[in-house]
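Here the sequence shown stands for residues 132 to 386, numbered as in this note's numbering.
Honestly, I wouldn't trust all of these hints.
Beta-carbon label-pair distances, calculated as ranges [as the list claims (entries may be wrong)]:
hint, residue 1, residue 2, range
1, H184, R159, 12 to 22 Å
2, N146, T166, 16 to 26 Å
3, L147, L271, 17 to 27 Å
4, N378, K324, 28 to 38 Å
5, P267, R298, 20 to 30 Å
6, A264, R159, 19 to 29 Å
Simulated from the structure, these hints should not be mistaken for laboratory data.
C-beta: ideal position from N, C-alpha, C; glycine also.
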Amino acid sequence: MLKKERQRQIRELINLQGEVTVSELADRFGVSQMTIRRDLQDLAAQEAVEKVHGGAVRRDQGRLISHIPILEGWDKQAAAKHRIGEAAAAMVDGEDTVFIGAGTTTLAVAKAMKDRQNITVMTNALTVANTLAKSPGIMLMVTGGILRSRNLSMVGYPAERNLQGVRADKVITGIRGIDPQFGLTSDDLHEMKTNLAIMAISNHLIVVADHTKFGRVATSRTAPLSAVSVIVTDDQAPQEMVAEIKNLGVEVVLV
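With the hints as extra help, turn the sequences into a complete structure.
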């Protein structure tokens, strides 16, 4: 494919989706990530798109999400996150109400759900809300709360209060660390209460995490593995640890 045609298609894809990653485009067009970065530089110079860390966004979205730290994780394990997102999205049934938390892997889930019908999605993540905002088949509910600019999540008492009295068929969340002994752990103590409030609205917790999260123990112990229904991860997850987690009664799906 000629460079001019590839850049035209990239521009159309960004206008349609709102944002793309370098790795996503490299896989799609079968070229190197360096080639894609040069394409995005050219398109940004033409003011056709706005280049951000790890990819590009439609110019009308640039002010909202450029230079946000969460975007720095887009390229890390991108192919695995895409597969995990597709697999987790397939676990959401028709007419389900599902809560999708903040993070890059949960964002992959939201992207995989954009064309679903008769689904209600609750979220405290502006990135998820932005991804699903124009999906006509999805009823979207945003918790509100105090904005955490690090990952564009809404947390704190307002978010927790808005979760009182609501129920979801499934909660899909990412996590910083998964360990058979210490369970689910995260780095942010400020978000822990909100995460606990999110997990409490459903009896079916789906954790989405790539293999780098296994064996990692972060500062805040969020929940024991007994609280988890399913972990969706990639096929590079350590086999011995996966077996140990399965022995604890948790389903582990490798993709």
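Each hint tested on the structure:
At roughly 19 Å, the beta carbons of H184 and R159 sit within the given window of 12 to 22 Å. The beta-carbon spacing between N146 and T166, approximately 20 Å, falls within the hinted interval of 16 to 26 Å. In this structure, L147 and L271 meet the distance hint of 17 to 27 Å, their C-beta atoms being roughly 19 Å apart. In this structure, N378 and K324 meet the distance hint of 28 to 38 Å, their C-beta atoms being roughly 30 Å apart.
Between P267 and R298 the Cβ separation comes to about 24 Å, which falls inside the hinted range of 20 to 30 Å. For A264 and R159, the hinted distance range of 19 to 29 Å is satisfied, since their beta carbons lie about 23 Å from each other.
Consistency with the previously given hints is maintained throughout, with no hint failing.
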